[in-house]
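Visitor: Chains as they are written, first to last, in our numbering: chain D, 4 to 225; chain P, 176 to 491; chain X, 10 to 676.
Source of the hints: derived by calculation from the structure; they are not laboratory data. Treat the hints loosely; a few may be bogus.
Covered by chain D, according to a simulated footprint, are these stretches of chain P (three or more residues, beta-carbon under 8 Å) [stated by the list, open to error]:
#	region
1	350-364
2	474-485
DEER-style ranges, computed between Cβ atoms [what the hints assert, rightly or not]:
#	chain 1	residue 1	chain 2	residue 2	range
3	X	565	P	181	23 to 31 Å
4	P	181	D	115	45 to 53 Å
5	X	612	D	149	31 to 39 Å
6	P	431	X	572	48 to 56 Å
7	X	572	P	452	41 to 49 Å
8	X	529	P	243	30 to 38 Å
9	X	292	D	39	35 to 43 Å
10	P	452	X	608	40 to 48 Å
C-beta: ideal position from N, C-alpha, C; glycine also.
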Amino acid sequence: MHPLPFSLQLLNACAALLLLLSFAMLSQRRTVNLVNLLAVQGSLLVIATLIVAWRTGQPHLYVSALLTLALKVFALPMLLHRLIRRLNVWWDTEPVINPSGTMLIGLLVVVFSFGLAQPISAVADTAIRSTLGIAIAVILLSFLAMITRRKAMSQVVAFLSMENGLFFGAMSATYGMPMVVELGVALDVLVAMLVLGVFFFQIREQFDSLDLYHLESLKERD
Amino acid sequence: MTPLAATTQLLEIVGAALAAPAFLGWVNQCRAWLQNRRAPSLMQPYRGLRKLLNKDAILATNASPLFRAAPYVVFATMLVAAAIIPSMGTGLPMSTAADGIALVGLLATARVFLSLAAMDVGTAFGTLGARREMMVGFLAEPALLMVLFVAAMLSRTTSLPLIAETLAGQAPALYPSLAFTAVAFLLVMLAENARLPIDNPATHLELTMIHEAMILEYSARHLALMEWAAALKLFNYACIGFALFVPWGAGNEASGPIGLLLAVPLLAIKLAIAGAALALLEILSAKLRVFRAPEFLATAFLLAVLGLLVHLLLET
Amino acid sequence: MAVSFSSLQVCLALLAAWLVVGFAGLLRPRSIRFAGRTLFPLGALCGAALATVAGLSLGAAPESRVLELGLPGLPMHMRLDALSAVFLVLLGAASTAISVFSAGYFRKGEGTLPGLLCLEYHVFLAAMGFVLLADDAYSFMVAWESMALSSYFLVTTQHRIEEIRRAGFLYLLVAHVGALSILLGFGVLQGGSWQFTFDAMRAAHLDATWASIAFGLALFGFGAKAGLVPLHVWLPEAHPAAPSPVSALMSGVMLKTAVYGFLRVTFDLIGLQLWWWGLVALGVGLFTAFYGVIFAAVQTDMKRLLAWSSIENLGIAFAGIGLAIIFRGSGLGHLAVLALVATLYHCLNHAMMKSLLFLGTGSVLHATGERNLGRLGGLIHRMPWVAWMTLIGALAIAGLPPLNGFVSEWLLLQAFLFAGDVPHPFASMLLPAGAAIVALCAALAGYVMVKFYGVVFLGQPREASLSTARDAGFAERVGLGLLALGCVLLGLFPALIVPVLDGAVAGLLHVPTSRWGGPWWLLAPERARHATYGPPALCLLLVVAVVLSIYGLRLVYHRTVRRGPAWDCGHARSDARMQDTAEGFGQPIRHMFEPFFEMTRKLPSPSDPTPTYAVTVGDRAWKLLYLPIATAVHAVANAVAWLQQGRISTYLMYSFATLILLLAFVL
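Taking the hints into account, I'd like the entire structure generated from these sequences.
Guide: Here it is in structure tokens:
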């Protein structure tokens with residue numbers, strides 16, 4: 004019943020696991036675990052990139068995989084871990100707003116994105132038939148995670164996971180962005196990360212907490 | 176009905192009934208090892224049953240016939256469930272009478288009778304346990320059903336032996352949806368069998384217990400049946416898991432008596448690994464507050480539904 | 010006898026016989042003996058005959074006839090086809106048992122005189138029969154309204170109680186709003202021919218817009234009768250107010266006429282079906298089912314709990330219809346048959362089990378005078394008959410094999426299993442998720458039933474007065490027994506009943522009948538290949554397993570059984586108040602689905618010497634929908650009120666002005 008070649012099955016499995024990770028992130032309460040999940044997400048991305056590279060034989064995808072490995076599996080999580088250590092938010096938990104409800108909304112988001120991707124994948128190559136829907140879902144789910152989080156740290160993690168989703172989508176739909184764009188994005192993310200790190204320290208100095216709830220006091224009118 | 180099918184069927188029922196306490200014993204043994212304790216013997220559950228069968232039964236003064244009947248009904252339901260789950264062979268004549276959906280219904284029957292019996296004497300603990308059991312059950316049941324649904328969609332049938340046969344017979348393929356449902360199934364299995372993050376089988380702490388609270392008023396043979404039924408339930412769940420996620424190795428008509436003969440040790444190996452994994456999982460997790468249990472189960476339910484969606488997207 | 014009667018004639022005669030029996034009650038209006046010993050058993054006989062005749066007519070071709078009754082030039086058209094026959098069987102079978110029960114139920118001094126009650130009751134029955142047979146809009150509406158009116162009077166049997174009058178009024182109001190919508194729907198359906206017979210409507214050709222409007226009006230109108238959210242508010246009020254046999258009839262049978270009407274209009278009268286209608290019906294149905302069951306779980310009044318459970322079940326039925334429309338509209342006729350068979354089976358099941366439960370609560374109510382779950386308990390010792398019969402009903406409605414509730418659940422889930430085949434992008438994803446909601450509702454129904462049964466019949470009696478409760482009388486036991494038997498038979502032999510329903514449905518959908526494979530003991534839908542369910546075999550297996558475990562245990566166990574006080578973990582004192590209450594049992598649901606409930610809590614202060622805790626759960630529909638409407642109506646009424654000047658001459662002036670205006674029009 005499955006006419007798909009093994010590499011595609013593997014790609015599909017990667018995609019499904021990415022989706023599973025997104026849900027895990029949505030329901031995770033501990034910041035440290037969130038960062039670890041992000042690292043796992045990054046390594047899945049590496050595997051997926053390698054599969055596509057091997058399938059299509061495009062050498063620049065290998066480079067891209069290497070870049071992802073360096074940046075998303077090692078550099079960013081390490082940076083985040085250091086931040087956590089320095090800010091001492093190791094065991095920081097946060098009240099997730101009714102995880103079951105959030106996951107239910109997440110489920111609807113998944114249905115929406117699968118439906119959205121269906122007409123596109125109908126006209127596309129088999130390789131991306133299904134992964135595009137998942138990529139959209141991962142992006143939207145990360146967005147959802149950003150909305151439901153209050154701690155700055157978790158928001159940044161969700162933001163990075165959104166970027167991962169975007170990358171996955173680009174990779175599966177068009178076999179990766181041009182190298183220049185990819186390098187640019189990678190640098191952007193790195194820089195954004197560094198800026199956010201500085202930002203964290205500033206917020207904490209100002210409010211003694213990383214709770215973004217405090218930012219509400221910055222508004223002009225009551 | 177061929178002789179082979181009849182043998183398989185009989186072997187499944189008797190085997191399940193006899194091996195179930197040993198499986199429970201194995202899980203306890205592994206757990207004790209992992210906790211650096213000296214482990215009780217594999218035979219310990221059997222000794223427990225024998226001890227209970229040598230005692231006088233005491234019934235509460237206001238226990239109704241329903242209370243006395245419940246252990247038999249629960250035990251019988253678990254036996255019938257064992258008869259339709261393909262653990263050693265897939266040629267199960269009895270499974271025509273009940274498919275996967277009916278299996279979920281059977282498990283629900285057992286749960287309802289157990290809860291009703293717990294409410295019968297009218298003690299605080301009994302009713303509390305019944306309420307909690309139903310709370311766990313109403314989320315676990317649809318989750319299990321959805322897990323079976325995904326498998327049924329993959330194999331276009333709801334009959335458990337056929338599902339196992341189809342999944343085992345296909346060219347090895349990665350089914351992402353099964354990854355989701357496997358996680359969901361694991362969560363359901365832990366919750367439904369009163370295992371660790373939801374209930375602690377080792378304690379009698381009033382505030383945390385579910386299953387133990389329900390069978391507090393039972394003694395002697397009734398208690399023995401209830402304990403045995405609980406062991407059977409765990410065994411059954413493990414076998415459902417095998418049928419859906421590692422279906423290889425079950426004997427069928429094609430493989431003949433030798434296949435069946437080989438399936439027995441294979442099942443033992445599967446059970447040994449599953450038991451050890453279960454014990455490990457229990458060691459690693461801490462008991463959840465009761466109020467967090469619905470969240471845990473809702474996660475299982477949503478994962479199963481997600482598995483369904485992923486199946487529809489990726490595998491059709 | 011040389012003269013042979015057609016089934017339709019016999020059915021009509023039996024309905025007329027019901028009317029006669031009803032009017033006979035007026036002969037001796039005050040005699041409870043006459044009504045109970047003579048009239049209600051006669052009514053039950055008519056019911057049994059009706060069920061038999063309708064059942065026998067099931068395979069036959071539809072027949073119709075014109076009755077020259079009523080207004081001149083407006084004869085009543087009657088028609089008996091397979092769909093009507095299925096529902097007539099339902100009506101006849103359920104009413105037989107309920108009438109037998111009623112023969113022993115009604116007592117002196119309960120509001121309306123027994124003779125009058127007998128009249129209302131039988132007119133209600135006959136009106137439901139005419140609804141099922143009507144073949145033109147005129148007689149349908151007459152029957153529909155007589156049904157509503159007679160049941161209104163039955164609901165307000167104890168009309169001296171203010172609360173019951175209010176419940177009755179609410180019921181009448183919603184019934185009329187619904188009827189208005191149905192009437193408008195018929196107006197659309199005639200499609201410009203101004204012929205109001207159903208035949209003309211079948212022939213009329215509607216475009217998609219008008220057909221959709223007609224569908225919407227039908228959904229609204231019949232949904233109001235079926236209690237679809239948000240039109241469900243009357244149900245939890247009216248059912249507890251009515252005497253129990255009437256609640257049983259209303260819940261078990263009358264709600265099904267709404268299903269019948271909806272099926273008739275959607276599949277028979279409207280020529281085309283658009284698949285997205287099904288999505289609407291499915292969505293409303295599933296939401297209703299979920300909403301109904303979570304509210305049932307938090308109720309503290311046993312009849313109100315059952316009423317909410319009825320809402321759930323009707324929601325499931327409408328979800329099944331919605332699924333059928335989706336399949337039909339997508340050209341998957343055979344799957345539509347499966348979904349509709351599941352729906353009809355569910356209707357039959359619900360008629361049996363819900364009537365059984367309502368009658369059981371009636372017996373409890375009579376024996377104890379209590380409807381509040383917080384004051385019941387332990388009745389299995391005092392009322393074993395009622396308790397065991399009710400147990401069958403409770404297990405059936407909880408959807409447990411091998412009883413009947415499970416059969417329809419099984420069929421519906423089988424239909425859902427193929428919903429991924431629907432060729433519409435979003436729908437093919439959403440539909441299988443619908444199965445998840447059905448499964449969730451079924452599991453929650455189990456929760457509700459454990460609560461209902463456990464609190465009422467098990468445990469220790471919560472009030473001292475319960476120790477004097479006595480079991481139901483003979484007639485009541487027979488009534489309960491018949492319904493319990495119905496539950497068991499429907500549960501055990503679906504393979505005999507399903508092909509019959511299949512024939513009815515296939516005729517309605519104009520698709521060839523499906524072959525249901527398998528012998529008499531095995532339910533095997535041909536499409537759902539390799540899906541089989543054999544309840545007799547399963548039941549036999551269970552019985553054998555129980556017997557084996559009893560006797561097997563006896564071989565090794567030689568000890569005695571003693572009685573002693575409950576152990577309760579060694580707690581010295583344990584009284585009835587320490588058991589879980591109905592509120593307590595519903596607490597997890599209240600906690601989990603909090604956004605759905607309108608809760609008011611009364612928490613004691615820490616310094617209170619006599620602390621009390623109270624929580625009431627209300628329905629958000631009131632605040633969100635009905636209060637704004639009521640306020641708006643009030644505002645309009647106030648605005649119009651200035652017309653009322655109080656002077657005769659002003660009023661005369663109004664008439665004068667109207668007259669002039671009309672004459673000017675004529676000019």
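Visitor: Against this structure, judge whether each hint is valid.
Guide: Hint check:
1. Against chain D, the region 350-364 of chain P contributes 5 residues with a C-beta closer than 8 Å to a partner C-beta. That satisfies the three-residue criterion, and the hint holds.
2. Coverage of a stretch by a chain is defined here by at least three residues with a beta carbon nearer than 8 Å to that chain's beta carbons; for the region 474-485 of chain P and chain D the count is 7, and the condition holds.
3. Separated by about 26 Å at the C-beta atoms, residue 565 (chain X) and residue 181 (chain P) satisfy the suggested range of 23 to 31 Å.
4. Checked against the hint of 45 to 53 Å, the C-beta distance between residue 181 (chain P) and residue 115 (chain D) comes to roughly 51 Å, which is consistent with it.
5. Checked against the hint of 31 to 39 Å, the C-beta distance between residue 612 (chain X) and residue 149 (chain D) comes to roughly 36 Å, which is consistent with it.
6. With their beta carbons about 54 Å apart, residue 431 (chain P) and residue 572 (chain X) fall inside the hinted range of 48 to 56 Å.
7. Restraint check, residue 572 (chain X) to residue 452 (chain P): a C-beta distance of roughly 44 Å satisfies the suggested window 41 to 49 Å.
8. One distance hint, 30 to 38 Å for the beta-carbon pair residue 529 (chain X) and residue 243 (chain P), holds here, with the actual separation near 34 Å.
9. At roughly 39 Å, the beta-carbon separation of residue 292 (chain X) and residue 39 (chain D) lies within the given 35 to 43 Å, and the hint holds.
10. Look at residue 452 (chain P) against residue 608 (chain X): about 42 Å separates their beta carbons, and that is inside 40 to 48 Å.
Checked against the numbered hints given earlier, the structure satisfies every one of them.
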